[in-house]
Amino acid sequence: MRRILRYVGGRLLLTVPMVFVLLTMVFVVLRVMPGDPVSAMLGGHAPQAVIDKKKAELGLDKPILAQYVDYLGQLARGDLGDSMILKEKVSKPISDKLPATIELTLCGLVVCLGLGVPLGVRAARKRRTGHDFGIRLYANVVYCIPVFWMGLMLQMIFGVFLDAFPIAGRVGSRVVSGEFDRTGFYIIDTLFSGNFEALGDVLYHLVLPAFTLGITLSGVFVRLTRANMLDVLKSDYVLASRARGVPERAVVYGHALKNALIPIITMLGLQFSALLAGAILTETTFSWPGMGRLLLERIYLRDYPTIQGIIVVYALFVSFVSLIVDVVYAIIDPRVRL
Amino acid sequence: MKRFAVAILMSALVLAGGALFAQGTLVYGTTEKVTDMDTANAYDFHTWEIFQNINQGLLTYKPGTTEVIPGLAESYLVNDKGDEFTFKLRKGLKFTSGTAFTADAVKWTIDRCIKLAGDPSWLITDFVKDVQVVDPLTVKFILKGPTAFFPTMVAGCPPYFPLDPTVYPVDKVVKDPSELKDGALVGLGPYKATSFKRDEEVVLQANPGYYGAKPKIAKIIIRYFADATTMRLALEKGEIDLAYKSMNPSDINDLSKNAKITTFKLPGPFIRYLAFNCDVSAFKDKVLRQALSALVDRPDFNQKVYLGQNAPLYSMVPQGMIYATEDFKKALGDGNVALAEKLLKSAGYSKDKPFAFDLWYTPSHYGDTEVNLAEVIKAQFEKTPLVKVTIKSAEWATYKQQWRDKQMGVYFLGWYPDYIDPDNYTAAFAGTNGSIGNGVFFSNPDWDALFAKEQQSSDSKVRKALFEKVQKDWTVEVPTAPLFQGNLYVFTKKNVAGVKIGPTLIFNYNELSFTK
Chain A
1 MRRILRYVGG
11 RLLLTVPMVF
21 VLLTMVFVVL
31 RVMPGDPVSA
41 MLGGHAPQAV
51 IDKKKAELGL
61 DKPILAQYVD
71 YLGQLARGDL
81 GDSMILKEKV
91 SKPISDKLPA
101 TIELTLCGLV
111 VCLGLGVPLG
121 VRAARKRRTG
131 HDFGIRLYAN
141 VVYCIPVFWM
151 GLMLQMIFGV
161 FLDAFPIAGR
171 VGSRVVSGEF
181 DRTGFYIIDT
191 LFSGNFEALG
201 DVLYHLVLPA
211 FTLGITLSGV
221 FVRLTRANML
231 DVLKSDYVLA
241 SRARGVPERA
251 VVYGHALKNA
261 LIPIITMLGL
271 QFSALLAGAI
281 LTETTFSWPG
291 MGRLLLERIY
301 LRDYPTIQGI
311 IVVYALFVSF
321 VSLIVDVVYA
331 IIDPRVRL
Chain B
1 MKRFAVAILM
11 SALVLAGGAL
21 FAQGTLVYGT
31 TEKVTDMDTA
41 NAYDFHTWEI
51 FQNINQGLLT
61 YKPGTTEVIP
71 GLAESYLVND
81 KGDEFTFKLR
91 KGLKFTSGTA
101 FTADAVKWTI
111 DRCIKLAGDP
121 SWLITDFVKD
131 VQVVDPLTVK
141 FILKGPTAFF
151 PTMVAGCPPY
161 FPLDPTVYPV
171 DKVVKDPSEL
181 KDGALVGLGP
191 YKATSFKRDE
201 EVVLQANPGY
211 YGAKPKIAKI
221 IIRYFADATT
231 MRLALEKGEI
241 DLAYKSMNPS
251 DINDLSKNAK
261 ITTFKLPGPF
271 IRYLAFNCDV
281 SAFKDKVLRQ
291 ALSALVDRPD
301 FNQKVYLGQN
311 APLYSMVPQG
321 MIYATEDFKK
331 ALGDGNVALA
341 EKLLKSAGYS
351 KDKPFAFDLW
361 YTPSHYGDTE
371 VNLAEVIKAQ
381 FEKTPLVKVT
391 IKSAEWATYK
401 QQWRDKQMGV
411 YFLGWYPDYI
421 DPDNYTAAFA
431 GTNGSIGNGV
441 FFSNPDWDAL
451 FAKEQQSSDS
461 KVRKALFEKV
471 QKDWTVEVPT
481 APLFQGNLYV
491 FTKKNVAGVK
501 IGPTLIFNYN
511 ELSFTK
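Order-wise, the sequence lines are chains A and B. Residue 180 in my numbering sits at position 180 of the first sequence; the count goes up by one each step and never skips. Residue 118 in my numbering sits at position 118 of the second sequence; the count goes up by one each step and never skips.
In short, the hints are calculated from the structure, not lab data. Some hints here could point you the wrong way.
[Claimed, not checked] With a Cα cut of at most 20 Å, we get these calculated EDC-like pairs of lysine to aspartate or glutamate: (1) Lys33(B) x Glu297(A); (2) Lys197(B) x Asp171(B); (3) Lys197(B) x Asp96(A); (4) Lys175(B) x Asp163(A); (5) Lys237(B) x Asp163(A).
[What the hints assert, rightly or not] Quick look at which bits of chain A chain B covers, simulated, 3 or more residues with Cβ under 8 Å: (6) 56-70; (7) 79-92.
Yeah, the Cβ is synthetic: ideal placement off N, Cα and C, and Gly gets one too.
Kindly produce the complete structure, drawing on both the sequences and the hints.
Below, the structure is given as structure tokens:
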């Protein structure tokens, strides 16, 4: 246990320089980019004196280094700052939008694993058959498809031509989310409020965006699961199990898959950042009111504090997920802790 | 798969159920965004539209027209000089919070707006010197000078709409209704806001205490879409009842032909124009400004870029507005290459030494068609070998900074009026102060004097003569070149009626209704 705690402590310490480097890059890039948040904020008609006053008020007239030190001080106090455009705490829009993105990402992850792992296992079991060939072809094709294109295609086929699923938003147009929204996680909110009609509607709206994300990333897991399963299925203990007459299903799912899952869990941590990046594009395609859309809008408006805040939250979130994955990995494979 | 089948089944039930309890609920889709939920700081088309339905002015517009009629005030008097307006308020009105509406609320609102100095505060501070409470139901506006169009500002500009002093903070702009006492927007309009989720939904319910025509639809849900294509699909699938602002030209074309959709095409006071930097660029020379204006072929780009959906504009004052002329058509014409070449040669340019310049556009602020507009205008300019154009673009924040920094010589801009008067289409661009804000940097003392005169005059003959003169002179000085006047398109399901959006751009939701 002590070793695991020491391992977790070490991983947490590594998060600090990672966020620091990322934040420094974003801070500098934003300020050397053309575009002025004060002009964006005040509209086109403010006199120069008003602009200068506003810049001084926001600290934008200071040297970049001084602004950077101020911002780090602010972050150290746990304050992400104030939005320059909407003049509200940056944490407000982030806390409003983050649950939508997490909900979508987690559902995408479920779809991704739900498709990738079973298909990978099947491909390994049916090696060099039509099944194997078909599944590998699927994995290669979806791996190559950009997530926004996948979204548009699913939207056109299942949303427009077949009219089977909604194409935009988190709830139906006639469902007022304000009536049940408490945490921002609509699945949880509708469950706890006992509003099962709204729950059905929420799940219905999640189908296409979650499948868009999940299918696109499932190719990696198909290939990884197949490769690992092929190795494991050749192991002596699998051979021994079969020789003892253990049913094939139990051999594959009870013994082989458990061992093949270790690299898959590692990949899961690495792919989480890809899922979040995919969520940004998917949110735009499906008018999903999450962090991705917020980030894009604020980039256009040069809202420095909000952009920086979103990057920090993304970085922390990815680090947190990676940490959990690593801890799970360390628990199930003691060699990692050595 | 079974789980998904269950989810689909459940959703079908939800939708079926929705259809039953949706009686009296209209879902309105838009790609616009709400900004600050405070009349003292919001300065954008869509947020104003919401305010125009949950609040009201002392005066108001007759729906779909430019006729100013009594609003929260039953009458008003103007002194002879035209710089004092005294309003008699209606008796017994209450805000949706239950607070009685009095003259104190009117004064408090104006004073607050001045104190907060938000983006639209100039609409008050440029005109109003003081507001005095004469008695609980009488309030007097003392202006800085005679202002002929003051009633239109009181009727249409939300900063003038009275707020409840017991609900709104006096020293802070309200970003989100959750910051208010009881967490809801409070007003005196036909609707009250009951739910607000930025970029997702705004829910309005009929205000039972409204003094005027009662809304015909009990609940209006405004849904926010990230893009026009998704909004179009939602309308075609019946997920929304009405879509307004902004569809792509191809979507407008397709929806107009859709038998299940009703199209309302309305002339709007939104204009687009080419702005010239008249101060530091090559365009300091008005001959070059005239030459480029002559080369613009309005019917051509309107057809190629907008599929004929807008109207060519030949004056900064849009057609349909009082005193509007079409002087650019007469003086410079469309695609007038011969005149342009004559002007360019007089300025010293030739085939060997063409007039080379950058034409700037912003790729998303005015929609996806902006790049096409820039390409077509470039081709029109280059119909003469005496002109060589390089197209450049910058995102909106950068674009605005560049026009302030005088880094762009000629660039595309658009204009939604603050108030419905030709003054707002002329002085805002060619008056010395307004011109700086729009990056035109044009200054002419004679024109400033003319604008001051028209602003102070309440004699329509005098104002007509002044505006006709300035529109004629515009073709000589060409501080800007008018391009087109935007038409507004509202698409609804067949059972929606009552869409009335006049030249004021005010969309009165209480006129909407469902037909059988």
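Hint check results:
no.	hint	verdict
1	Lys33(B) x Glu297(A)	holds, 11 Å
2	Lys197(B) x Asp171(B)	violated, 24 Å
3	Lys197(B) x Asp96(A)	holds, 9 Å
4	Lys175(B) x Asp163(A)	violated, 38 Å
5	Lys237(B) x Asp163(A)	holds, 8 Å
6	56-70	violated (count 0)
7	79-92	holds (count 4)
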